[in-house]
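Novice: One letter stands for each residue in the lines below.
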Amino acid sequence: MPTVHISLRAETLFQLFGIPVTNALLTTWFSMAVLIFLSLMTSGNIKMIPGTLQNIMEMAVGGIHNLFEEILKENIQRFFPFLMTLFLFIFFNNWAGLLPGVGTIGLTKNEESKEALFSNRAVAATSEFTAGEKSAGESATAAENQKTVKNSEFIPLFRSGSADLNTTLALAIMTVGYVQYAGLSALGFSYLKKFFNISNPINFVVGILELISEFARIVSFAFRLFGNIFAGEVLLTVIAFLIPLLAPIPFLGLELFVGLIQAMVFPLLAAVFFSMAVSHEEH
Amino acid sequence: MPEEGLKAIATAIAMGLGAIGPGIGIGILASKALEAIGRNPEAESKIRTTMILGIAFAEAIAIYALVIALIIKFT
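Listed in order, the protein sequences are those of chains A and B. Following my numbering, the numbering of the first sequence begins with 1 at its first residue and continues without gaps. Following my numbering, the numbering of the second sequence begins with 284 at its first residue and continues without gaps.
The shape of chain A in the complex, shown without the other chains (with noise of 0.2 Å):
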């Protein structure tokens, strides 16, 4: 009987001048492509009566505008391109995950390093009809192919980049990044006065804890994202596991909506840590 393929890190496919290319870098490349098409589409022929996909285009951007304009107030012209990026990155890296065929078409590689393309939840979903329509022949075919299956290493081709801690954790670090430059260019010196007061005991403590709270929004910006997609992933593997016929569908559509939710509170968290950064302090 078929395992469940579950692995908490992106699996190496191959290497490329020395770097080694993951199935969820793949991915990344092919949503970026998209996205870059997309953008390449829209902006290369902006007309005044707008056309469909303008159209929609007009749509995403503004509503998000809008949405990020409660929070930022004026800032919002100086860190939209860089929070509606984030947005779109995150969302298409999400949402390719949903996509049939990822994670279910990979690679074998057995001892031998033989490769041979086949679809694990699909054998999953099949195994026990087909052993039981097959003639004794092709029956133990099936079983030795299903030996081999099981000593040799399944890799998925394509895994969502979300559920790469690699890349929660590069864009969690690239905000917060941001999010520091961002508060010593508004504010200059006196924003490090947030973490390093010695006026008082009790503000020189105070201090020290937004210093380890600046560190924890990483964990929690890689975390939140990751987690989520990842736990996104194992829930679809088991259920379609479990039960093969249409149980997954809800699942998939509460997936849909995890992928736009977290999409949006990446950004959304972001612009608050940005309008808390740049903004003077009141007390």
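Keep in mind the hints are simulated off the structure, nothing from the lab. Keep in mind it's a predicted model, so treat the numbers as computed, not measured. A hint or two may mislead.
[What the hints assert, rightly or not] Reference excerpt, derived from the structure (chain A facing chain B, CB under 10 Å, subset only): (1) V4; (2) H5; (3) L8; (4) R9; (5) F14; (6) I71; (7) E74; (8) F195; (9) I198; (10) F223; (11) A231; (12) P250; (13) I261; (14) L269; (15) V272.
[Stated by the list, open to error] Listed below are the simulated DSS-like cross-link pairs for lysine-lysine, each with C-alpha atoms no more than 27 Å apart in a straight line: (16) K73/A with K193/A; (17) K356/B with K290/B; (18) K329/B with K73/A; (19) K315/B with K73/A; (20) K109/A with K356/B; (21) K315/B with K329/B; (22) K73/A with K194/A.
Backbone N, C-alpha and C fix where the C-beta goes; we use that ideal spot for every residue, glycine too.
Since the structure of chain A is provided, determine the placement of chain B on it from the hints.
Specialist: Here is chain B on its own, set in the frame of chain A:
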């Protein structure tokens, strides 16, 4: 394999106990937000944005539990 069994139990306890607090918190958040929308329906979009932000913060606690569970499970 007693060690593996203990690991499985530890993972389940870490995640299960860690999910209680955020679950209660998110429930309170949503109920208060619904109350607020009921009293002042015009402010719905503002309340929704703030509610989602609050839920994200409450959820972070569950995420920490998930991190611990994953560390126990995979190391």
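Novice: Hint numbers the structure violates, sorted upward?
Specialist: As far as the earlier hints go, 1, 2, 5, 7, 8, 9 and 12 are violated by this structure, in ascending order.
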